[in-house]
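A.B. asks: Position chain Z against the provided structure of chain L, taking the given hints into account.
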Amino acid sequence: MGLISNGTTVFDAGSMSLGGKLTFIKKLTASGDSTLSFVHGSSSVVFDGTYKEYFITLKHIHPATNNVAFEMNFTQDGSSFAQSKTTSCFDAYHAEAGNDAGLRFEAGASLALANNTGWAPLNYNMGNENDGNLSGFVRIFDPAGTTFHKQFQTEVSWQYLNTYGIRQNTAGYVNASVASVGIGFRFSSGNIDAGDICLYGVG
Amino acid sequence: MGLISNGTTLLDAGAIDSGITQGSMTLINTLTASSSANLTFSSGITSAYKEYVFHLINIHPATDTADLFIKFRDGSTAYDATHNATVWRAYHGENNTSSALEYEASEDVSQGTSGQGIAYNIGNDNDQSTSGYFHLFNPASTVFHKHFLCRMQNSHGSDLALDNYVAGYCNVTAAIDGIQFVMDSGNIDSGTIKMYGVS
Numbered sequence: 002m003g004l005i006s007n008g009t010t011v012f013d014a015g016s017m018s019l020g021g022k023l024t025f026i027k028k029l030t031a032s033g034d035s036t037l038s039f040v041h042g043s044s045s046v047v048f049d050g051t052y053k054e055y056f057i058t059l060k061h062i063h064p065a066t067n068n069v070a071f072e073m074n075f076t077q078d079g080s081s082f083a084q085s086k087t088t089s090c091f092d093a094y095h096a097e098a099g100n101d102a103g104l105r106f107e108a109g110a111s112l113a114l115a116n117n118t119g120w121a122p123l124n125y126n127m128g129n130e131n132d133g134n135l136s137g138f139v140r141i142f143d144p145a146g147t148t149f150h151k152q153f154q155t156e157v158s159w160q161y162l163n164t165y166g167i168r169q170n171t172a173g174y175v176n177a178s179v180a181s182v183g184i185g186f187r188f189s190s191g192n193i194d195a196g197d198i199c200l201y202g203v204g
Numbered sequence: 073m074g075l076i077s078n079g080t081t082l083l084d085a086g087a088i089d090s091g092i093t094q095g096s097m098t099l100i101n102t103l104t105a106s107s108s109a110n111l112t113f114s115s116g117i118t119s120a121y122k123e124y125v126f127h128l129i130n131i132h133p134a135t136d137t138a139d140l141f142i143k144f145r146d147g148s149t150a151y152d153a154t155h156n157a158t159v160w161r162a163y164h165g166e167n168n169t170s171s172a173l174e175y176e177a178s179e180d181v182s183q184g185t186s187g188q189g190i191a192y193n194i195g196n197d198n199d200q201s202t203s204g205y206f207h208l209f210n211p212a213s214t215v216f217h218k219h220f221l222c223r224m225q226n227s228h229g230s231d232l233a234l235d236n237y238v239a240g241y242c243n244v245t246a247a248i249d250g251i252q253f254v255m256d257s258g259n260i261d262s263g264t265i266k267m268y269g270v271s
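Protein chains in written order, with our numbering: chain L, 2 to 204; chain Z, 73 to 271.
For reference, chain L alone in the conformation it holds in the complex:
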């Protein structure tokens, strides 16, 4: 049984909203998946003009394969993840041994994209040791817009081959006048062994 008041669903299917402005939409749990994606209209996912901003949390994302990059991309048709993006990328790093640290722009390894339809890396050279993982978040502004670039920001913390802790920030925009109807995540090689990805609408 659901309850609709003045056109607004107050509760339905065992869930209820009491005015919190971060609305949980969908949780994906990895278990040896090649790709995890949120596509509007698929599996109860909302990723359209319902919200002007979407927030995604990445928790304990663990790769099956050693020395890989965690990547994301956008889709305009729900199946092909290949929208053009321009990004900047920088990180702060510190060795577990305490002998190396710094802050740098990441121009290499295709970490900063220039009108590129390929997958955007959120990190690089990530190890698959048992306790290694990536956690952080992604913000996407107005993905349903057909006028402006779709701006996004990411911020993640992860381990470089079990030897460095790295905080990595990537930001940019989808350079397209068509809407983005979905977002996908994958590793550059191998599966997503474990981890949770949650999608929220910011109202």
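What the hints contain is simulated information worked out from the structure, not anything from laboratory work.
Source: prediction; values computed, not measured.
Each residue gets a CB set at the ideal place from its N, CA and C atoms; glycine is no exception.
Hints may be right or wrong, so weigh each one.
Claimed, not checked - Here are some chain Z residues pointing at chain L (derived, C-beta under 10 Å):
#, residue
1, S96
2, M97
3, K122
4, Y163
5, T169
6, S171
7, L173
8, E174
9, N198
10, D199
11, S201
12, G204
13, H207
14, Q225
15, L232
16, A233
Said to hold, decoys possible - Computed spacing ranges between beta-carbons, pair by pair:
#, chain 1, residue 1, chain 2, residue 2, range
17, Z, S107, L, S43, 33 to 43 Å
18, Z, A239, L, T51, 30 to 40 Å
19, Z, L99, L, T30, 26 to 36 Å
20, Z, N156, L, G166, 49 to 59 Å
21, Z, N243, L, N163, 36 to 46 Å
22, Z, T98, L, S136, 22 to 32 Å
23, Z, A177, L, G42, 44 to 54 Å
24, Z, T118, L, V179, 41 to 51 Å
25, L, G166, Z, G258, 36 to 46 Å
C.D. replies: What follows is chain Z alone, placed relative to chain L:
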């Protein structure tokens, strides 16, 4: 009487089930630009919340390469509260020829009263804008500096992806009770700013 939906108890015995998310961000006000000289939150910033966050979405300038500024009000009618701030940014061009991570000594502010830039050289092509967020902590305090944190991503007028970081504090003992967003040149052609209270 209880309320059960799809087997899940939502309300019972006069209490909301503990598993029901009640939200910790409250939308206070939404301002939408339409060739606006400024977008001003002149009310609603009080001691009701220890933190306020502004979400800026698709802020589009009327003038090419304009900077978006924020100004603070501390009890008078003027948006001129003294503040200090650091600024740094990363950028990368669509043509792949320009990129950097740099501190912006020309944009930081020491004891300034004319506002703080938070997004720089925003393009005014039809598809260019800036989006991001601005946090303001405990603006009603009359003891501590009022700190703020900001991250804005914009489409630069020279076709760059520009990731701006600004942080600082209002160096006043009076409460901050108003916030104004304005371009350094021309109007805010379009865009939306939402102000939330965080509890």
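A.B. asks: Hint by hint, say whether it matches the structure.
C.D. replies: Hint check:
no. : hint                         : in the structure
1   : S96                          : 7 Å, holds
2   : M97                          : 4 Å, holds
3   : K122                         : 17 Å, violated
4   : Y163                         : 5 Å, holds
5   : T169                         : 8 Å, holds
6   : S171                         : 5 Å, holds
7   : L173                         : 4 Å, holds
8   : E174                         : 8 Å, holds
9   : N198                         : 7 Å, holds
10  : D199                         : 5 Å, holds
11  : S201                         : 5 Å, holds
12  : G204                         : 7 Å, holds
13  : H207                         : 13 Å, violated
14  : Q225                         : 4 Å, holds
15  : L232                         : 8 Å, holds
16  : A233                         : 4 Å, holds
17  : Z/S107 to L/S43: 33 to 43 Å  : 39 Å, holds
18  : Z/A239 to L/T51: 30 to 40 Å  : 32 Å, holds
19  : Z/L99 to L/T30: 26 to 36 Å   : 30 Å, holds
20  : Z/N156 to L/G166: 49 to 59 Å : 30 Å, violated
21  : Z/N243 to L/N163: 36 to 46 Å : 44 Å, holds
22  : Z/T98 to L/S136: 22 to 32 Å  : 27 Å, holds
23  : Z/A177 to L/G42: 44 to 54 Å  : 48 Å, holds
24  : Z/T118 to L/V179: 41 to 51 Å : 42 Å, holds
25  : L/G166 to Z/G258: 36 to 46 Å : 44 Å, holds
The earlier numbered hints that this structure contradicts are 3, 13, 20.
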